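Enquirer: If you read the sequences in order, they're chains X and E. Under the working numbering, think of the first position of the first sequence as 71, with each following residue one higher. Under the working numbering, think of the first position of the second sequence as 7, with each following residue one higher.
Calculated directly from the structure, the hints in this document are not laboratory data. The model shown is predicted, which means the values in this text are computed figures rather than measured ones. Incorrect hints may appear among the rest.
To be verified - Below, computed lysine-lysine pairings styled on DSS-like, alpha-carbon distance capped at 30 Å:
| hint | chain 1 | residue 1 | chain 2 | residue 2 |
| --- | --- | --- | --- | --- |
| 1 | E | 30 | X | 115 |
| 2 | X | 143 | E | 27 |
| 3 | E | 27 | E | 55 |
| 4 | X | 143 | E | 50 |
| 5 | E | 55 | E | 30 |
Stated by the list, open to error - Short, incomplete list of chain E residues facing chain X, as computed with Cβ under 7 Å:
| hint | residue |
| --- | --- |
| 6 | 100 |
| 7 | 103 |
| 8 | 120 |
| 9 | 169 |
| 10 | 170 |
| 11 | 173 |
| 12 | 176 |
| 13 | 177 |
| 14 | 181 |
Beta carbons are placed, not taken as given, at the ideal position from N, Cα and C, and that holds for glycine.
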Amino acid sequence: MAAARGQKRERWRPPRGRHRLPPEVIARSQRERLLEAAVRVVAEKGYAATTVADLTREAGISRTTFYAMFDDKEGCFLAAYDGIADALVRRVSAAYEAEEGWPSRARAGLAELLEALADEPDIARLAIVDVGAAGPAAQRRYRAVLQRLTPLFDEGRDFAPGGRGLPANTSRMAIGAVAGLISDEVTEGRAEYLPSLLSEVLFATLVPYIGPAAAAREVGEKK
Amino acid sequence: MASESRRDLILAAMIRVVGSKGYKETSVADVIEEAGTSRTTFYKHFEDKHECFLAAYEMLVEQVFAEVVAECDGAQSWLQRVESGLATIVRLFALDPELARTAVVEVAAAGADARQLHWNAVARFTQYLEGGRELSDGRELPENISLMSAGAVSGLIFDELLGGRAAQLPAMLPDLLFAMLVPYIGPRAAAEEMRRVAAAS
Chain X
71 MAAARGQKRE RWRPPRGRHR LPPEVIARSQ RERLLEAAVR VVAEKGYAAT TVADLTREAG
131 ISRTTFYAMF DDKEGCFLAA YDGIADALVR RVSAAYEAEE GWPSRARAGL AELLEALADE
191 PDIARLAIVD VGAAGPAAQR RYRAVLQRLT PLFDEGRDFA PGGRGLPANT SRMAIGAVAG
251 LISDEVTEGR AEYLPSLLSE VLFATLVPYI GPAAAAREVG EKK
Chain E
7 MASESRRDLI LAAMIRVVGS KGYKETSVAD VIEEAGTSRT TFYKHFEDKH ECFLAAYEML
67 VEQVFAEVVA ECDGAQSWLQ RVESGLATIV RLFALDPELA RTAVVEVAAA GADARQLHWN
127 AVARFTQYLE GGRELSDGRE LPENISLMSA GAVSGLIFDE LLGGRAAQLP AMLPDLLFAM
187 LVPYIGPRAA AEEMRRVAAA S
């Protein structure tokens, strides 16, 4: 459930003071709080303006605790990014695999992708927009996530007549087209409208494999 | 030296330095040194690094677009225009990797307004080349077709530049052409164009 801006999510925290809980449990909880805090703060202020002090305050941890986990704000951001990327890819892959036949599988995966991002606009912003400001390591992470979604698209090579003769980069083109559509919406602050893009992202995915007429038919079929 | 051309020197220097050091690492001192001018002159024209970068980026976009239009002006057909336009971009980027890096990669680090300039430029470029709606035979194509082509082409270019492979861009022209044409004319016809361009190089 998306938290409203400025409101902390209700979440169990260990009681303050000396703990009876094992250190690993505390550390895990603190790390999770910190990564969640990073998403909220960066979404609000942008990466450049975010400071370690902002992060520790939002997470309710000390500076010492922060620096025991990460070298700097970039390290924290990258860890948050990796967590988001893994969760997203898992969700999309599961939806994809639950269907039979390529256009249906692609549709299911894309629908799940749009829902997941629309559910969490802060995460969508961080994953797509703020990543550019966070340096080359972050930008490579972004490209790597796109790469992990390649199977959604590549199956088109087997499905399409003559698909084997298509350029090797076709899946990257389709991914780029979808990313462009999504990125446009998220940058405009309209992440919650992403599910309404399903027809367009599906068209963009199918068209390099089966052409505009077949893609338009496929998209129009099950609205 | 006239004030206008001092300003242009600073803008050109900003593109150079950002293209080689990255936006974050670039300082006003770096830009001044590259331009061979003074702090006083810099601050006469610009409030800060960010404002200078935005102005430099706008200048860069106009320069690139002017080259594209010049090359495409004689084009006989829509297909030729797309090919000329893409060929111009990859040639410019391969000849000037710093300009390419600034234009495509570093702009993302320069804030929301810079990203908007970039996206506007990409949209402008693809819309200029678009004209392809005539080929749709009256079929209902999605509104955002040019956004799709824009995303496909800029994604491929971005990856090469992120990897420091500006010199490889001309070799990608066949793929870029395929990416741009396929939503309009389908994979078979787009692949034919792609093979023709690959054979000609």
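Enquirer: None of the hints should be skipped; say for each whether it holds.
Expert: Here is how each hint holds up against the structure:
1. 30(E) with 115(X): It holds: about 17 Å lies between the C-alpha atoms, which stays within 30 Å.
2. 143(X) with 27(E): Given that 30 Å is the threshold and the Cα spacing comes to 21 Å, the pair holds.
3. 27(E) with 55(E): 14 Å, holds
4. 143(X) with 50(E): At roughly 35 Å apart (the allowed maximum being 30 Å), residue 50(E) and residue 143(X) break the hint.
5. 55(E) with 30(E): Roughly 10 Å between the alpha carbons, so the hint for residue 55(E) and residue 30(E) holds.
6. 100: 18 Å, violated
7. 103: Residue 103(E) check fails; min Cβ-Cβ to chain X is 15 Å, beyond 7 Å.
8. 120: 9 Å, violated
9. 169: 9 Å, violated
10. 170: Nearest chain X Cβ about 10 Å off; hint violated.
11. 173: The hint is violated - residue 173(E) has no Cβ within 7 Å of chain X, the shortest such distance being about 18 Å.
12. 176: Constraint on residue 176(E) not satisfied, violated at 15 Å.
13. 177: 12 Å, violated
14. 181: Since the shortest Cβ distance to chain X is 5 Å, the answer is holds.
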